[in-house]
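Visitor: Sequence:
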Amino acid sequence: MKDLNGITVQVQSIEDQRWNVIATCKGSESSLRPLVILAHMDTVPVEGTWSQQPFGAEISDGRLYGRGACDMKSGLASALVAFKNVVQQSQPKRDLYLAITVDEEGPFMKGAVALVEEKVIPTNAELLVTEPTSNTIAVAHKGTIWYELLITGKSAHGGHAVVGIDAGHVAAESIIQLKKNVANLPYDHERFGKPTLSVGTINGERRRIWWWVCTNRIGFSLSRSDDTRRSR
Numbered sequence: 018m019k020d021l022n023g024i025t026v027q028v029q030s031i032e033d034q035r036w037n038v039i040a041t042c043k044g045s046e047s048s049l050r051p052l053v054i055l056a057h058m059d060t061v062p063v064e065g066t067w068s069q070q071p072f073g074a075e076i077s078d079g080r081l082y083g084r085g086a087c088d089m090k091s092g093l094a095s096a097l098v099a100f101k102n103v104v105q106q107s108q109p110k111r112d113l114y115l116a117i118t119v120d121e122e123g124p125f126m127k128g129a130v131a132l133v134e135e136k137v138i139p140t141n142a143e144l145l146v147t148e149p150t151s152n153t154i155a156v157a158h159k160g161t162i163w164y165e166l167l168i169t170g171k172s173a174h175g176g177h178a179v180v181g182i183d184a185g186h187v188a189a190e191s192i193i194q195l196k197k198n199v200a201n202l203p204y205d206h207e208r209f210g211k212p213t214l215s216v217g218t219i220n221g222e223r224r225r226i227w228w229w230v231c232t233n234r235i236g237f238s239l240s241r242s243d244d245t246r247r248s249r
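The numbering of the sequence shown is the numbering used here, which starts it at 18 and goes up by one.
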């Protein structure tokens, strides 16, 4: 990218050994909204049994196989080529950014958050995200809130369990009630419908007490008038 005329390249540190990379090409008309081509470079871990090497990038029957080939090395390659082709032809009318982030697959999307919080890209920019969507153009998606629910019980002998507190039972009842509460929230987006709650992980352990940890995710569809906040 540094070899392209008129391009500035910034490396943004996110955490140890992880960086965002941002390339910028100034446009000829500053009154126009900037355009950001956004892609991420991380993938989910390798799991299960592969018929090809997950990092081999092998081509079979016209298809390339590898961890993240679809999500989203292909989108990343497309973003790089598109940005390069545009800036090589002529100066674009609007400011053009290429933002390549880390931690998209993580729960907090630290790379994308840092772009906004550190004002690396303009807040009025339009985004072109090369995330795979089965060749269907998507214009928006639900936001999410992640949280942990910790329930502490009280141990008791099985013959006199009435004096104890069964954390697993409390966790089960709490999840059912939470799902009901989320279903009754006063949100009903015309495109995405009502909020949903997904319980991803439940862990229990016995020490001197019983306790359960539930990791949950709520998907919200927020209207334009909503005051949207991010919470870790």
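For the record, the hints were derived by calculation from the structure and aren't laboratory data.
Don't take each hint at face value.
[Claimed, not checked] Each computed SDA-like pair below joins lysine to any residue, with the alpha-carbon atoms no more than 25 Å apart:
(1) 127 / 144
(2) 159 / 124
(3) 127 / 102
(4) 101 / 159
(5) 196 / 124
Visitor: Each of the hints needs a verdict: does it hold here or not?
Guide: We went through each hint and held it up to the structure:
Distance restraint check for residue 127 and residue 144: the Cα-Cα separation of roughly 17 Å lies within the 25 Å cut-off, and the hinted pair is therefore satisfied. Simply put, residue 159 and residue 124 have alpha-carbon atoms about 14 Å apart, close enough for the 25 Å limit, and the pair holds. The suggested pairing of residue 127 with residue 102 is violated, with an alpha-carbon distance near 29 Å, which exceeds 25 Å. This hinted pair does not check out: residue 101 and residue 159 have alpha carbons roughly 31 Å apart, beyond 25 Å.
A hinted pair counts as satisfied when its Cα atoms are at most 25 Å apart, and residue 196 with residue 124 qualifies at roughly 21 Å.
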